[in-house]
Each structure stands twice: as C-alpha cells, then as structure tokens.
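> Protein chains in written order, with the working numbering: chain X, 892 to 1003; chain H, 1203 to 1314.
Don't read these hints as lab results, they were simulated from the structure.
Misleading hints may appear alongside valid ones.
[What the hints assert, rightly or not] Just some of the chain X residues that point at chain H, by a computed CB distance under 7 Å:
{"id": "1", "residue": "900"}
{"id": "2", "residue": "983"}
{"id": "3", "residue": "985"}
{"id": "4", "residue": "989"}
{"id": "5", "residue": "994"}
{"id": "6", "residue": "996"}
Please read all numbers here as calculations on a predicted model, not as lab measurements.
For every residue, glycine included, the Cβ atom is placed at its ideal position computed from N, Cα and C.
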Amino acid sequence: QKEVEQDPGPLSVPEGAIVSLNCTYSNSAFQYFMWYRQYSRKGPELLMYTYSSGNKEDGRFTAQVDKSSKYISLFIRDSQPSDSATYLCAMTRGGVAQKLVFGQGTRLTINP
Amino acid sequence: DAEITQSPRHKITETGRQVTLACHQTWNHNNMFWYRQDLGHGLRLIHYSYGVQDTNKGEVSDGYSVSRSNTEDLPLTLESAASSQTSVYFCASSEIGPNEQFFGPGTRLTVL
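Next comes chain H alone, as it looks inside the complex (with noise of 0.2 Å):
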C-alpha cells in the first residue's frame, strides 16, 4: 500500500545545531507540504513543492529550507535550531490540483 514516512518520530537537539526531518511518499504525487502544528496556530505551511526541483515558501518558512532532488523524499532542514521552533512537524501530499492531501504520522522536535 502506498504510504506517506516521516523519520525520526521524536527528535531532542540543541539550540544551534542543524536538523534535518525526512519525508517519503510512496503515492508518486507531484505536490509535498511540510507543516508545524502549534497549540492556539493549527496547521501552518513552511514549504511546498509542485514537483522536481521546484520548492516554494510558505506563512512560516524564516529558518528552514527544503530541497526536491526526487519525486518521493522533500527534507527539511532546520538550519540552526531555535527554540521557537519546538513543534510537531508534518508531512503531506497530493496530487496534482485541488486534491486531498495525505499527511504523515508527523515528527516531534524539542529543541533545548
């Protein structure tokens, strides 16, 4: 069955130091999404991409990057790790349009 993957689960770094959260979808969709989820925020859009080396900012993109290299893997990287962005971490995707969007099981990250 095709899958969306986010690795690690759970994720405790430092103040300063770079991160980097997988995403992997197995559906072959052109469009990925990564999001945070804050209490009192729900669901906010860092950055998207609509296919292979194309990437987009979204509404809360200061301090993170994305790269598209394949169809299935959009990592992000938290350049230098803040403690404001201490968040749950989503991953979606979609096809092509005004589609469902499929999200994965989502990464905890604390930054100390």
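Extracted from the complex, chain X is given alone in its bound form (with noise of 0.2 Å):
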C-alpha cells in the first residue's frame, strides 16, 4: 500500500463548475501538506500549503485537511480551462524530515 494514495482520474468537467481533488495517506506523523500544479511537459509549481488540520483559501482554492482521517483535499471553485493540469498533492513530517512523499497525481481538464 503507497503512503499516499490520489485518484489518478483522468477528471473532466465544465467550465464554472466546482472541483474536488483528494488524497488519503497511511502516515500520522505527516503534519505539512502541499498541492502542486503540473502543466503538461512542465515541473510542478507549489499552488497550496497547509499545516496541520484546518482549511486555507487562496482566490477561487481552498485547501483543508482532516487529520483526524488522514484526508486531505483541493476545492476549485469556478472552474477555468487554464485550471486544466495535473494536480500533485505532497506531505511531509517536516523537521529532519524534510522530503516530500508524493500522490499519484490527478490530471484534470475543464472544458470550455
């Protein structure tokens, strides 16, 4: 079983509408959370980061994390084709610990 486990998809929705991106992991001492955007043919760049438990908004994402079950998720809200990428989550324990462990990656397109 991975430490991280992310729907791989692909996912495909309509422009404006709400997406949801998730990832459950195995690791309890995990205390720093990530979600990265992939575009294609590109590296991934940090889109949000999270510590602990709790939600954070950025613009049209909100990121929140329940340690309690060991989920974490990724709210779009108003969709846009631009959004259409491979989202990466990450976590680590941080400290010494300081690499990331990495889901499988969820490839999404919102279609116009």
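Dock chain to chain to rebuild the complex, using the hints, since each chain is given by itself in its own frame.
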C-alpha cells in the first residue's frame, strides 16, 4: 500500500464547475500538506501549503486537511480552462525529514 | 531572477551507457532533490541532499548516484542505463525545513 493515495483520474468537468480533488494517507506523522499544479511538459509548482488540520483559502482555491481521517482535499471554485493540469498532493513530517511524499497526481481537464 | 535549470532537456541513450543529468540552482538552497515521474506512480524520490558533501538514498535509488561538491549543483548519474530508467526526471531545491520545493523543467530520458 502506498503512503499517499490519489485518484489519478482523468477528471473532466465543464467550465465554472466546482472541482474536488482528494488524497488519503497512512502515516499519521505527516504535518505539512501541499498541493502542486503541473502543466503539460512542465515542472510542478506549489499551489497551496497547509500546516496540520484546517482550511486555507487562496482566491478560487481552498485546501482542507482532516488529520483525524488522514484525508486532504483541494477545491477549485468557478473552474477555468486554464486550471487544466495535473494536481499532485504532497506531504512531509517536517523537522529533519524535509523530503516530500507525493500522490500519483490527478489529471484535470476543464472544458469551455 | 533565481532559477533552477536542468540539462539536457531531452536525451536518448543506449542500454548499458553511463548518463549524467545536470541540475543547477541559483537560489543558494541547501536542499536538493531528484525525482522521476512515470504514469501511475507520480513523483518518486531518487536521491536527495541537505548540503555540500551530503547525499541520501530515496525510494528508488538503485542504479543511480549523486554527488554534491557545491551548493548550486546536484548531478544525477545513471551508472549503466536500463530501459526501465526511461522516464521524466525532475530536479528540485528548497530552503532548510518543510518548505516549498522549486522544480526544474525536467529531462525526458529514453533508454533504447
């Protein structure tokens, strides 16, 4: 079983829809949770960063962490064609363990 | 502007050859990482370094090596390339701690 599980999709939704992307994890020591966005043939870029449980909002994007359920989510409101990309969740214990563990990535397409 | 670069961007080689992929960052980050990205597996950590002369094995290190002689560079060497090492390789760097990793543009390697 992988430490971090993410549905690879692909996921295709119409423009303007609310998108929900999710990851589950097994290691309760994870404290820092990130979402990266990767456009085709590019390197990943950090989209959202959350420490411990709770919500964080940035424009149309909301990241949620539920440590009791070992479940994290990324919501995209009013989705745009420019949001079409692969979204990767990532997490780390922090401290001296600074390496990230990534999910498989979800490929998202927003149709105009 | 600070950046992270990888070279070459594309490489085709033959089984058994030694291959070195270059990674150079100008952020003066202590942490540097090498990942490979394959369909269905997301990003998997190959090797990482927390500073000059420090190197550590990641999840999929067999057949790969790295050395860190300065802060800016972490070259990745495939000792004897195998077809299973056909992949897209990403280099990343970050500041000390559970911080954002900045990714390079990737190197697409094909081993025939």
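> Next step is simple, just say for each hint if it's right about the structure.
Hints versus structure:
A distance limit of 7 Å between C-beta atoms decides the matter here; for residue 900/X the minimum to chain H is near 12 Å, and the interface restraint is violated. Proximity of residue 983/X to chain H holds as hinted, the smallest CB-CB distance being about 5 Å (cut-off 7 Å). A cut of 7 Å between beta carbons decides the hint on residue 985/X: the least distance to chain H is about 4 Å, and the hint holds. Evaluation of the residue 989/X hint against chain H yields a held restraint, the C-beta minimum of about 6 Å falling below 7 Å.
Checking residue 994/X against chain H by beta carbon gives a least distance of about 6 Å; that is within 7 Å, so the hint holds. Interface hint status for residue 996/X: upheld, as the beta-carbon distance to the closest one in chain H is roughly 5 Å, under 7 Å.
Of the hints listed earlier, the one the structure fails to meet is number 1.
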